[in-house]
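Participant: Below are the chains, spelled out letter by letter.
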Amino acid sequence: MGMTQPDSKTLVAIYKKMALIKHSDDRVIGAMKAGRMQMPYYSARGQECIPAAISTLLTDEDYLVTIYRGVHDMLAKGLPAKLLWAELAGKATGSCKGKGGPMHLTYPSKGCMVTTGIVGASMPIACGLALASQLRGETRVTVANFGDGASNIGAFHESLNLASVWKLPVILVCQNNRFAEHTSYAKGTSVAKIANRAASYDMPGLHVDGNDPVAVYQAAQQAIERARSGGGPTLIEALTFRFNGHLIGDMGEYIPKAEYAAAVAADPYPKYRSWLIDNRHATSAEIEAIEAGIKAEIDEAEAFAMSSPPPDAIEVKRDVYAYDIA
Amino acid sequence: MGMTQPDSKTLVAIYKKMALIKHSDDRVIGAMKAGRMQMPYYSARGQECIPAAISTLLTDEDYLVTIYRGVHDMLAKGLPAKLLWAELAGKATGSCKGKGGPMHLTYPSKGCMVTTGIVGASMPIACGLALASQLRGETRVTVANFGDGASNIGAFHESLNLASVWKLPVILVCQNNRFAEHTSYAKGTSVAKIANRAASYDMPGLHVDGNDPVAVYQAAQQAIERARSGGGPTLIEALTFRFNGHLIGDMGEYIPKAEYAAAVAADPYPKYRSWLIDNRHATSAEIEAIEAGIKAEIDEAEAFAMSSPPPDAIEVKRDVYAYDIA
Amino acid sequence: MDTNTSTQQKAAAPVNMIQALNWALHDAMEEDANVIHFGEEVGDAEGGGIVKISAGLSTKFGSRVRSTPISEMGFMGAAVGAAVVGMKPVVEVMLMNFVAVCMDQITNHAAKLRFMSGGQTHVPMVIRTMTGSGFQNGGQHSDFLEAWFCHTPGIKVVMPSNPADGYGLLRSAIDDPDPVLFIDHLNNYWTPGVAPVRGTKIPLGKARIHQPGKDVTVIGYSRSMLDIPPVAAKLEAEGISVEIIDLRTVSPIDMDTVLASVKKTGRAVIVHEAVKSFGVGAELSSRIHEALFRELKAPVERVASNDSPVPYAPPLEAAFLYSHADIEAAIRKTLA
Amino acid sequence: MDTNTSTQQKAAAPVNMIQALNWALHDAMEEDANVIHFGEEVGDAEGGGIVKISAGLSTKFGSRVRSTPISEMGFMGAAVGAAVVGMKPVVEVMLMNFVAVCMDQITNHAAKLRFMSGGQTHVPMVIRTMTGSGFQNGGQHSDFLEAWFCHTPGIKVVMPSNPADGYGLLRSAIDDPDPVLFIDHLNNYWTPGVAPVRGTKIPLGKARIHQPGKDVTVIGYSRSMLDIPPVAAKLEAEGISVEIIDLRTVSPIDMDTVLASVKKTGRAVIVHEAVKSFGVGAELSSRIHEALFRELKAPVERVASNDSPVPYAPPLEAAFLYSHADIEAAIRKTLA
Ligand SMILES: Cc1ncc(C[n+]2csc(CCOP(=O)(O)OP(=O)(O)O)c2C)c(N)n1
Ligand SMILES: Cc1ncc(C[n+]2csc(CCOP(=O)(O)OP(=O)(O)O)c2C)c(N)n1
Ligand SMILES: [Mg+2]
Ligand SMILES: [Mg+2]
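Protein chains in written order, with the numbering used here: chain A, 1 to 326; chain B, 1 to 326; chain L, 1 to 336; chain U, 1 to 336.
Hints are computed from structural coordinates only; laboratory data are not their basis.
One or more hints might be untrue.
[To be verified] BS3-like mimics (lysine-lysine), calculated; alpha carbons at most 25 Å apart, straight line: (1) U:60 x A:187; (2) L:206 x U:276; (3) A:257 x U:52.
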């Protein structure tokens with residue numbers, strides 16, 4: 001399995017995804033603060049380079065399962081910003097017709113299969129998607145995202161064991177942002193590195209700096225190649241931080257000030273932009289053009305969301321079963 | 001922590017518990033085959049030296065939680081044979097008044113707190129018993145028994161993590177008999193040794209020959225000392241075999257013949273008896289006396305069970321809550 | 001058992017529920033490569049299921065049939081994931097009480113993904129399980145818990161009482177585009193009954209009039225369909241004419257059939273093995289009262305088990321379950 | 001919030017449910033060293049609970065109050081184990097839907113150990129959780145699932161509607177020798193109400209006549225007690241006299257109070273937020289019909305939520321929940 005250094009085009013593609021996630025997130029929070037939108041919103045600001053790097057290695061055929069804190073994963077995988085924004089705004093034009101909201105984003109045509117609000121539940125479902133591809137003889141892989149806190153729940157254990165005994169083509173991505181709601185890593189988790197838990201399942205466990213797109217890319221590349229070639233599952237732990245607390249409104253009193261300051265100082269977004277420019281993977285002008293393009297995309301998404309109609313009340317009778325109820 | 005070689009008295013005490021378990025089991029099966037008793041009975045024949053050795057290190061104050069295959073654990077801990085037999089026979093004089101049966105044996109005065117029929121469920125409950133002693137500042141320890149198959153269920157993971165972060169005085173004893181119902185170890189379990197999974201929880205994991213009373217004793221001694229002195233939990237994996245299938249009626253077609261034959265050849269019971277005599281820990285006469293005593297105890301238990309009255313129908317209205325229903 | 005020899009499905013030769021369900025699985029798997037099957041011990045190396053409902057399937061269909069590790073949450077979730085992309089998993093939970101370790105994947109996921117995704121995904125899976133008192137299996141291995149799932153919109157609940165229905169309903173459950181919980185009862189696995197005809201599917205949501213009658217409607221499903229007919233036969237001798245309805249699908253309930261019958265008889269009794277309080281009988285009773293209050297000649301009666309865990313000792317198990325006398329008394333009460 | 005300053009419990013100053021529950025926990029912990037408390041985020045380092053019901057407790061009571069890892073099965077089982085040896089754990093499940101990951105310890109263990117052990121052990125624990133639609137929390141964070149537990153013998157279900165009841169019922173739940181599921185609703189955590197008097201316990205299993213009336217009995221609990229009074233007030237103006245009963249304990253139901261009321265009024269309406277089918281309303285409706293069939297002037301009406309998952313968008317959430325107009329229509333229907 002090769003450890004390829006991604007080329008400039010790839011590196012810029014990763015940046016573009018990061019920029020989309022970052023700006024969409026800033027704008028959602030802005031809209032909430034301005035009272036234009038209201039919802040339980042779990043910002044992933046600070047974690048964007050994980051899905052940005054991983055999804056660059058995925059095709060639309062590959063499957064993604066993520067969690068309530070998964071807007072970044074979904075955008076990186078291809079959920080259109082317009083449909084995301086309309087869903088967040090609870091509009092009929094949202095990807096889930098306003099029925100799902102931020103915790104249940106879905107968009108199958110880009111492989112965005114399931115978003116769950118239940119801690120741990122992404123992993124068993126991802127095993128099933130991977131099982132389907134395995135049985136069908138496809139080379140698709142499935143990526144399951146989850147948090148550090150989720151590594152302490154039973155579904156984690158059952159999924160990794162099942163993925164291993166059945167050699168499923170699944171990549172289990174733990175986005176370790178050091179907190180589970182307000183509980184710090186060590187208070188809930190009995191192991192120094194979650195990646196080490198892979199040994200309990202005879203599975204490789206990779207521990208990477210989740211704020212380094214190249215490191216994430218290389219780890220994901222190994223895991224994806226392994227999965228595509230029938231080698232089975234891999235656990236990746238990507239160390240990161242979330243800047244906006246557990247959900248909007250969380251004031252972060254439980255985060256030691258120095259820890260927070262250090263995390264913000266390590267913000268992967270400006271760091272990566274400078275790195276791209278310094279290493280001549282992109283010019284400042286190119287970066288500006290990307291940002292401008294994304295700004296336009298989000299302007300359009302927000303306008304679309306705001307101008308879209310709310311769902312009709314009759315929709316509570318639909319999609320419960322294949323037929324309408326009552 | 002010392003690795004004491006148990007003295008002759010202790011070694012004989014272990015044998016006595018093994019003999020009680022072994023003969024009770026033989027007799028229960030005999031009674032079932034003769035049609036005198038009928039029940040779903042999960043024989044632990046072959047696994048007796050595990051609880052025999054461990055419980056020699058425990059007092060009545062220490063807590064035990066076990067599973068449907070737990071008659072051996074309960075007898076070793078002190079559940080009187082009479083009360084066991086009456087419970088198996090579904091009599092009003094059984095330890096649980098005939099309401100629980102083999103899967104729910106309980107006898108608090110000897111620390112036999114809970115028997116569960118749900119795979120994995122013994123471990124969280126054991127954590128709670130250990131938590132109670134920890135909070136009360138007691139030196140009691142809690143032993144939780146479970147099988148190899150149970151090491152793949154979520155409750156295992158959650159319990160070991162919780163026990164570790166809270167440093168609970170609990171000893172998690174995996175009686176690895178190589179099969180979970182009809183499923184062989186490797187088909188369900190993705191790790192070479194279950195004891196290795198302890199590393200996921202920053203906890204010692206001891207792997208011992210479960211057919212060697214001295215090895216089990218020494219491992220348990222370490223774990224119990226650690227727990228009593230506030231050092232926290234230990235996982236012990238004791239390798240063993242069950243000779244009578246998953247439950248009585250199971251013909252064992254799924255067990256490779258050579259594996260079965262080798263296991264029976266390694267039967268810990270006659271082996272240990274010979275070893276005791278050969279190493280002059282006991283004379284043949286002493287062993288015979290023990291066996292005779294146990295035979296008498298079981299005779300009495302069986303007679304008590306058979307002659308006891310069945311529970312009155314009104315008992316379905318009692319013990320649902322503290323008050324009677326309807 | 002003639003495992004998988006579906007050619008042998010002749011209406012003439014009686015078969016038992018195990019055979020019928022085995023045929024249903026076999027025929028569905030043969031017809032549709034998306035049908036897969038897993039659960040503890042279902043592979044032939046492990047015996048083909050604890051009562052052998054899956055016998056022969058792994059031998060014939062290879063890796064589409066798998067014994068799982070003991071990890072119901074894990075494999076139930078795997079069924080959900082596979083179903084979301086069009087597989088049709090039939091996943092076995094060995095005994096009904098074990099749903100308690102995997103409720104989340106059933107009720108928060110399988111039942112809700114269609115709705116929460118705005119119809120973009122759906123979950124065509126079947127959860128098969130079995131249960132029943134009377135085997136000294138005690139409090140954690142005997143419960144009928146169908147009411148939990150009936151109260152969960154998005155999932156259907158099917159509970160057959162005989163081999164032909166078992167076959168036909170399981171085929172329809174597998175075809176269904178939404179999750180179906182399919183509950184067997186242990187009490188008549190080995191009782192011979194009319195054999196199913198290969199390929200004959202019974203629509204979900206349709207009750208069956210087991211026996212027409214004039215004076216009182218007795219509604220049952222699953223295990224209670226063993227107990228109602230003998231009581232009805234006894235009363236018949238006295239000139240009391242009992243109409244018996246087998247619900248077959250417990251959610252959604254076929255209220256058309258139920259109400260048409262009760263409209264005719266003016267009296268209704270519901271019988272189920274699950275504990276009485278907050279059970280399926282309560283929903284049926286309230287719906288009948290709501291719809292036919294003025295036509296009813298007596299209040300609807302419910303016959304069910306004692307509100308306690310299932311006990312171990314046989315005399316207590318007998319006291320836990322309703323008796324034939326209870327059914328008879330309830331019928332007489334509506335006629336008083 | 002005046003955390004733990006129970007001296008401040010003066011009947012004069014209104015307080016909200018959060019304060020009342022915090023006081024109940026505090027007072028119980030102060031009086032009995034066996035009372036312990038754990039759940040996700042309940043420690044003060046983690047904020048004292050997501051709505052701060054546990055604020056100040058870990059600071060005062062030290063290791064008797066603990067934030068847990070995210071492992072509901074693990075810590076629910078730990079509560080069971082601790083309770084078996086006489087601790088009185090109050091364990092919090094952050095939101096009601098998460099019971100789906102730990103049902104086994106609740107329904108197969110906590111609820112059954114007294115019975116299965118023949119009364120040798122019992123499980124004096126309280127499971128506190130909260131839920132409710134109307135917060136755009138979507139399908140997996142909003143369900144009322146009390147009916148599952150009402151159908152589980154061995155556990156009690158308590159659902160308060162106001163601060164004073166919250167305090168008094170939680171104190172009794174902690175004292176109770178058997179497991180109690182205690183369900184808050186999110187909708188009125190911050191609404192001020194009459195303050196509890198320190199130490200005043202409200203017995204479990206006793207309903208409260210919220211308002212006496214003559215023409216129709218409307219039965220609610222938890223969230224629906226916010227919605228019934230305004231509708232009753234509106235009808236009062238028309239001369240319709242509504243008796244309102246707050247069940248408070250949903251299992252076991254105080255049928256004495258319910259039946260005495262309905263015997264008097266001859267009419268009954270039940271209102272709950274849980275989805276209608278197979279809900280608590282069904283049990284109540286059937287029991288009332290069974291007991292008072294001849295006295296009833298109209299069939300019992302049930303008002304509840306739509307049989308679907310809880311949707312996200314506010315207009316859909318509104319369409320999911322019953323409306324005041326639905327309650328009014330149901331009352332009028334019984335009077336027609
Ligand atoms: C089974 C379950 N328990 C509790 C919760 C409430 N909850 C939501 S997010 C969360 C913390 C999860 O932390 P982590 O896994 O680290 O993910 P992060 O939010 O940090 O991305 C908790 C406890 C839940 N959604 N599901
Ligand atoms: C949650 C759950 N799933 C399935 C079962 C059915 N079951 C009973 S014992 C058993 C096998 C357990 O194997 P192991 O843990 O190795 O223990 P052993 O029986 O070998 O002692 C299974 C699957 C159960 N009781 N509980
Ligand atoms: Mg986290
Ligand atoms: Mg085993």
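Participant: Hint by hint, which ones does the structure fall short of?
Facilitator: The structure breaks none of the hints.
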